[in-house]
Each structure stands twice: as structure tokens, then as C-alpha cells.
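Chain F: place on chain S using the hints.
Residue numbers (the working numbering), protein chains in the order written: chain S, 1 to 474; chain F, 475 to 948.
Hints are supplied without guarantee of correctness; some may be wrong.
Covered, in the sense of this in silico footprint (three residues per stretch, anywhere, with C-beta under 8 Å from a C-beta of chain S), are these stretches of chain F [what the hints assert, rightly or not]:
| # | region |
| --- | --- |
| 1 | 503 to 515 |
| 2 | 543 to 549 |
| 3 | 583 to 591 |
| 4 | 602 to 614 |
| 5 | 850 to 857 |
A few chain S residues that don't get close to chain F, going by computed Cβ distances all over 10 Å [stated by the list, open to error]:
| # | residue |
| --- | --- |
| 6 | Glu11 |
| 7 | Ile39 |
| 8 | Tyr44 |
| 9 | Pro69 |
| 10 | His96 |
| 11 | Ser106 |
| 12 | Pro116 |
| 13 | Lys133 |
| 14 | Arg157 |
| 15 | Glu310 |
| 16 | Gly383 |
| 17 | Leu410 |
| 18 | Lys421 |
By construction, these hints were calculated from the structure, which means they are not laboratory data. The beta-carbon is built from N, C-alpha and C at its ideal position, and this holds for glycine as well.
2 protein chains.
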Amino acid sequence: MVKHALKITREQNFPEWYQEVVARAELADNSVVRGCMVIRPYGYAIWENIKAVLDVKIKECGVQNAYFPLLIPLEFLEREAEHVEGFAKECAVVTHHRLEAGEDGSLVPAGKLEKPYIIRPTSETIIGESFSKWVQSYRDLPMKINQWANVMRWEMRTRMFLRTSEFLWQEGHNVFANADEAEEDARKMLGVYRNLMEDYLAIYGLDGQKTEDEKFPGAVATYTIEAMMQDGKALQSCTSHNLGQNFTKSSGIKFTNEDGQEQFAYSTSWGMSTRIIGALIMSHSDDDGLVLPPKIAPYKAVIIPVINNETRTDDINKYCEKLKVSLGERVLFDNSAKKTSDKKWDWIRKGVPIRIEIGAREVDENKVFFVRRDNVMDKKTLGREEFLGAYEGLLDEMHKILAERNLANLKENIIVVDDMKKIEKSFKVGTKFVSVPKEWWGNEILNKMMEEFKFSYRCMPFEMEGRVILGKSY
Amino acid sequence: MVKHALKITREQNFPEWYQEVVARAELADNSVVRGCMVIRPYGYAIWENIKAVLDVKIKECGVQNAYFPLLIPLEFLEREAEHVEGFAKECAVVTHHRLEAGEDGSLVPAGKLEKPYIIRPTSETIIGESFSKWVQSYRDLPMKINQWANVMRWEMRTRMFLRTSEFLWQEGHNVFANADEAEEDARKMLGVYRNLMEDYLAIYGLDGQKTEDEKFPGAVATYTIEAMMQDGKALQSCTSHNLGQNFTKSSGIKFTNEDGQEQFAYSTSWGMSTRIIGALIMSHSDDDGLVLPPKIAPYKAVIIPVINNETRTDDINKYCEKLKVSLGERVLFDNSAKKTSDKKWDWIRKGVPIRIEIGAREVDENKVFFVRRDNVMDKKTLGREEFLGAYEGLLDEMHKILAERNLANLKENIIVVDDMKKIEKSFKVGTKFVSVPKEWWGNEILNKMMEEFKFSYRCMPFEMEGRVILGKSY
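The following block holds chain S by itself, in its conformation from the complex:
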């Protein structure tokens, strides 16, 4: 039996394996605050890297960053009927603005607000208020604004990164003069996410449109990328909504068009959150822990000194330092006091793409011993110069392999069903995506069966004309 670095394997229990990966890689902790997590430095560094790439891509689309209030007046929510239905149910409500000492000395809320506020679950309404002032003429359009922020939705069952009451995200809000531009923009921003996912996260998904019941409350159309996790479940990685005039009407975003006529604008909104880190974990990691695509890994490589004879300590450390400098950014020389074998396993569990071990022999022979995280069995030694020359290629190849595996997992796990009699069987073969004719959407027998097997409508993929995908989801 192969020994693994985690106590539990994917096959034994996927959800528990996931928790174990998160804990052992020190990505996040559960917190004392209901449903909220603490994002630890190693997990946050992944988010910073994703954010940096996405921020550049968003700005390249002519979008500007801004910041809007955390609190939203209740009456703003009330303005858009579907929206309130979708978001008002579970949210944090601020009702007081002071604390006072109670009778037993503990603190009690005081200073009751005339009108309560909610903590933003999303910011369409509060940003809409600003747009209604900023947008006056067709010359002001398109107006494209993005916000990096924390949001809150009171979740009953939470799982780190995947579903937490508070999470971090970016929410883009664009306003246009006509319906076509808004539709085009919603699809374009989905493309931005797809590029990020494929090129940086090595995650392939099915991009398509949400069915009527699954779209964003108040949207005309919602687009998404449904990625497939290693257990066959779907993870909605991001969303991009064409909101039509629904929110511009409720927020009063009007402009004078070229003919001097006043009309309501059209808007989109689009977001990606820390949830994508959950997707990243479940897409690539293995029974030894986290596996990170090199482009967003906090460290592309870690250098571990292997000191068996203390007289060589200086030599080895110097060689490691020099190597670190030669390799450039995002490389760690781990000269902490921990045992070498502990370091080795820690970095395996933390998913560092390339682990380098330098002992007296490597120094004497001017060589580099290394292991790539996508194949921990493949240990190699190269001459120092040869390794330096191969380094970037090794990282690129690792990205490519992770991407290929991910795409293969997706492709191999879609069952196509055209005969309703065969649907039950397809739900029973294990967790896979099931592709059925779009017309089946809403069929009562199908719905009942989906409920029984915990399947839901994931999306109508752009590249699968006339089909809708069913899947179990996170």
C-alpha cells in the first residue's frame, strides 16, 4: 500500500479529505464567528496572486476600481422585487449603533437605529444609487466599475472557501446605452474569467447560461462556468449577469441619448470570489495534499537544505541562497529549524510546484535534486546550469499537465442521455455531469428524480447547442 501525506484519501471520503487538505496546507481556519473563516497567510497569498492577475485583466477591459459602503439601507433592497426575494432572506442586519453596560456588566446593544441596515450580500443596489448620479448623458456611457470587497450572506451550512457567511470577492458593475452592448459585455466578462481559469488556475469548465430558475435574482440572463471537481461534482466558479433594465429602472439610472431623449440604461454585473480557491483545491490536489498551479502558487519552488554533517552547513546554505537568487521571484529557501523530513512533507502538503533538496553531494557536484509536485515519484538530479535552463519549462509543463488532467476529468465524466428512461441509471452510476435535451428543463418527472438524487440544473453550455447539464453541486 502506498503511504500518503494525509490521513484520509479522496476515495475514502472526499469532503473530509478536502478539510484535511485545507487544514494541513494551513490555508484557512474555522473561526468563532458563525460561518466565517480565517484566511491564513498561505491561503491569502493564493488569493493575492489570483487577485493581481484578475485585476489587470479587468482593468484591460476599461473598468475602474472604486469602493462603496458596506451597509445597505433596507429600502434599497425593496426596490427590485426578485432581488429582495433572492437576498433578503439570510443576511446580517445592523439595528443598533452603540453598546452599553448591561445589568450584569456585560455589553448590550443600545442606540437603536431608526432604519436598520444590512451588510451587503452584493452591491447592485448601493452602486446603482451612485450610477444614478454619475450617469447623465450618453457621453458618460459605458461606465465600468469594479469593487474588491467583503460581502456577507448568512449561510446555515458552511464549508471553508466553498460556502462561508463572509467571503471576499470582486463585483463588477457596468452600465451601457443599449441592450446589445450589455449582453455582449456579460459574455465578454465571462470570457475574462475563463481565460484566468484556464491560463492561471489550470481549470476547465463548461461555460454557458443558467436556466430560468437558477439565474441571479433580477437578471435577464446569468452566465457561468461550471467546473468539475475530482469527485464529479459541479462548482459554479463565477457568474456574469445581463441585468437588462431591471436594476437601472429600480435605481433610476437614466441618460439623455443622442436624440436628446431620456431613457433607462442597461447594466451587467459579474463576480468571482474566494470560492475559486475551493475549486482550485478540489481540481488538482491529491492524497498527499494541495497541488498548486505554478502561476498562482505563493512559492513556485522551495529549496530545502539537507545537512547530515554540520561542517558542511555553511557551504550548503550558501549554495541554496545563490540558487534562490538565480531562480528569481516567489522562491523560498526554507532554512527554518524544523527537521528536514518534516519540511519535505510540509511542502508536499502545501503543494509547492517544485521541491528542491540540496545536500553536500549537490554542492560538491554542482547539481540540483528536485521533485515536481504533480508527480512526487519522479525524482531528478540535473547539473545546476542545466536545471536553471529547464526551470521555467518545468513549471510550464506542470501547468500543462494539471490542465490536461482537469480537462480529461471533465470530458470523461459527461453522460449524454436522450431517452428519459435511461436518466435514472445515469444518476446512479456515480457523480457525473449528465447532458440532456434543453427541452427537458422543468419536466416534472425529471425534477422529482433530480431532487431524489440531489442533482440540479447547472447550465446550458455554449458549445453544446440544445443541451442542459445536470449535476450534483457544491
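Quick look at chain F alone, frame taken from chain S:
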């Protein structure tokens, strides 16, 4: 009389001038949410630039970024007596987690929480909870964590950037094995802020220690940089606290030392917020609007095409485009549809360091006409190549001039008083800093007079042994 780009001058009414600068430069709007502002793209771009520089400096100190929950349980606040006294008074309290339709169809809070939460006014207590798990042995120390986040303090009188209920900031929290290291760290992090302020924001201040009554609730010592605004008032630009063992004891942050003994750790916390943008505005701006130091300006230069004859439009635009590329990052070619004179005044009010105007003449003669924002009267024309060669130097010189002016304003407006009889006169000469012997701190006559003239103890500057500075403050 000189005509100015703003409706009001500093001398006429400094607070109104400030609001006008903020509004006309499109930095921020007041929002419908009590005491909260909307940070507009141009204002947010300044914050992003400051953040980028500060983030690198913080990481160079071995600090790692992380993220902690927005909500804090009430009992956490109760743990540190002085802290609760300082922060519990005015804060947003979350008491419910759901909204329901009320009788009249409006939304009403429902799902009352057993224990309310407050929105973080600062995160010592919630981060302390994590430290109490993460810190076990002396080998874990020092542990240095920073968080970029929004915080909330329910303010009664608010002013954009200077005092808002919600603001953005970074809060650093470091833990050490002994008292000396904590003290050293609190001073070191203040030095990081000083470098940022001097080298990037061109703001000089008095760095020193807060007096007993003015320090952070729960701190052993609070250090600050008190900058002087153009109206002579003080602005506390940042703070760095040595918290001793006060918070490690209340949070239970213990470690096993090298002798195997368990003991409480020592901690610091240090923060800088969007308030610094208020300092930036009031330090350098003039009666024509915002003046931005080049290193943190959203655009270092703006190129405005001046088209008097439409046949030359293409020539001029091409010349501008080429110039923009030659000048590199953070340069805008403003080819919007606005009138040339409007563009010119808009960019003056927005404080862009170098305004370039390109007309047919400049194209024909291969020249560049430009004006530097620190001296709008000094219009110059240089040959294209000569201008490109001088460009970085012009920006550096502008930074230097802003810094010199700022330092001169500080130096020239400190009145030294050693005779208590002369103190009233010093309060009456206008708004200046007043330096008095440290021993006067707490003197009842002085306190009464300070209250009357709205002066407060600002700090005991490191470089003014035995003195304490009195000032009016923002």
C-alpha cells in the same frame, strides 16, 4: 485678482475649500448611508497606489497578509477593560440574521441572534483569538500578520476621508517573545510609515509618542506622526502601538519559552487608513484644486490634444499617442469629447503633476508644451527629445518642491512656549503647533485653556526631548 479653478479659496474657508477639492477632483461622494462615503475611481486609484507601496514595505519587514472575520463577538470586546471602554461606545451592532416582510410589505429584521456581533472597529481581539492557537512555542515567534480591510466606527460628525463611519485601512498585528522586541517593533513600523509619507506622499510630520490620555485603549505606548495641514491643524497620520502583554493576556496568547516555561507573549499593532488621503489633500492642494505628488498620482502626466483645425486631427492624435508610449506608465492621453479648456481645468483640479498640450505647432516643430502642477504659471516648451530626457527629473523635482514646502510649513508654525503666562497668546495667534514642556501635561489651568481654544495634546516628538506638542486637530 487672480482667477482660481475652485469657487472658494483656502483663506476664505478652509473646510469648505477641502470639500470643494474632493468634489471637483471626483475623489469621493457622500453616500446615503450615514457617515459613509463612496470612494470614486480617481480617489480609489490614489489609495491603490499608496497601498501598493505600503504593502511592499510591510512585506519587507517579514509581515504576511491574512484575513479575519468582519464580525466580532461581544464577549471578545469585554475581555480587555480599557479597550472596551475605548471602542464599545459607537459601533455597528448586528442583532438579526434575516429579513421578513412586515405588515405593510416593507422588510423587517427577523431571526434574532442569541449573541449579537459588532462590525470590527479594529481587530486586536479577533486576531488575538487566532494567535492564541497559532503561537505555541518560542519557535513560532515573532509572528507578524497584516490585514487590509474595512472597519467601522459609528461617527457622529463625519468628513470625507478624515472621519467616516466606515473606512479602509491596513492593521498590522505582531507578536514577540519579549517586551524589548515589541517596543522596538512599534517604533520600527512607525518608521515604515514615515518613509512612505516622506518618500511617496511628500508629507513631513512630527513623529513621537502619545500622552497617557491620548494613547490607544489598552496600549502601553502609542506612537504617531502628527502632520501639519496648510491651515496649521494637526492630522494624526498613522499610529503604532506597543500593547505589552495587555492583549496577549486577554486573548490567551502564550508560548513555551526556551527554558520550557509557559509565558504570555508581547504584541504590537499599527495602522494607516484612507484618512491619509485627507492628509495628502490638505498638505499640497491649492486654490486651483488637488495637487498630487507624482509617485502616487493615478496619472503622472496627461496629454491634451489642442485641435483648432480639424484637418490636423490625425497628425495631432498620432503625435500624442506616440508621446504617451514614450512616457511609459501612468500617462493618460485624454482624447475624450470634452472641450479643450474644460479638459485643461479638469486636470488642474485633479492635480495631475504634468499637463501636456499638443497642438499643430508642437507637431510641426516636434516640441512639447507642458505645465507642472506645482506652478501653473510656469508654462514651458521643449523639444520632444529634450522633454523626454527631462521628464523623470521634472517629476522628481516636483516631489522635492512639495516636500520642501510641506516641511517649511511645519517648521515655521511651531511656537515654543516656556512661560505659562504666554500660553494664551500662543493659542490666539492663529492655528499653529505649540511646543511646551512635557511636565505641563495634565496641568489644570492649561487643560482648561486648551479646551477653550480647542487644542489637544498631539504628541511628544522623538526629536524634541522633554516637549509635548499642542495643536488643533482633524
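Tested hints:
Check result for the region 503 to 515 of chain F against chain S: holds, 10 residues qualifying (beta carbon to beta carbon below 8 Å, three or more required). Using a Cβ-Cβ cut-off of 8 Å, 7 residues of the region 543 to 549 of chain F lie near chain S, which meets the minimum of three, so the contact claim holds. By the rule of at least three residues with a Cβ nearer than 8 Å to a Cβ of chain S, the coverage given for the region 583 to 591 of chain F holds, with 4 such residues. Under a criterion of three residues with beta carbons nearer than 8 Å to beta carbons of chain S, the stated coverage of the region 602 to 614 of chain F is upheld, 4 such residues being counted.
Beta-carbon proximity to chain S at under 8 Å applies to 0 residues in the region 850 to 857 of chain F; the threshold of 3 is not reached and the given coverage is violated. The beta carbon of glutamate 11 of chain S sits about 31 Å from the closest Cβ of chain F, which is more than 10 Å, so the claim that it is off the interface holds. At the 10 Å boundary, the C-beta of isoleucine 39 of chain S falls inside the reach of chain F, the nearest C-beta of that chain being 4 Å off. Against the 10 Å criterion, tyrosine 44 of chain S falls within the reach of chain F, whose nearest CB is about 5 Å from its own CB.
Against chain F, the non-interface label of proline 69 of chain S is violated: not every CB pair exceeds 10 Å, the least being about 4 Å. Distance check for histidine 96 of chain S against chain F: the nearest CB is about 4 Å away, which does not clear 10 Å, and the non-interface claim fails. A Cβ of chain F approaches the Cβ of serine 106 of chain S within 10 Å, the least distance being about 6 Å, so the stated non-interface status is violated. For proline 116 of chain S, the requirement that its beta carbon stay farther than 10 Å from each beta carbon of chain F is not met, with the minimum near 5 Å.
Not every beta carbon of chain F lies more than 10 Å from that of lysine 133 of chain S, the smallest distance being close to 7 Å; the non-interface claim is violated. With a cut of 10 Å on Cβ distances, arginine 157 of chain S stays outside the contact zone with chain F, its closest approach being about 14 Å. No Cβ of chain F approaches the Cβ of glutamate 310 of chain S within 10 Å, the least distance being about 19 Å, so the stated non-interface status holds. At the 10 Å boundary, the C-beta of glycine 383 of chain S stays outside the reach of chain F, the nearest C-beta of that chain being 33 Å off.
With a closest Cβ-Cβ approach of about 31 Å to chain F, leucine 410 of chain S is found to remain outside the 10 Å limit, as its non-interface label requires. Consistency note on lysine 421 of chain S: stated as away from chain F, and its beta-carbon is indeed over 10 Å from all of that chain's, at 43 Å minimum.
When held up to the earlier numbered hints, the structure conflicts with 5, 7, 8, 9, 10, 11, 12, 13 and fits the remainder.
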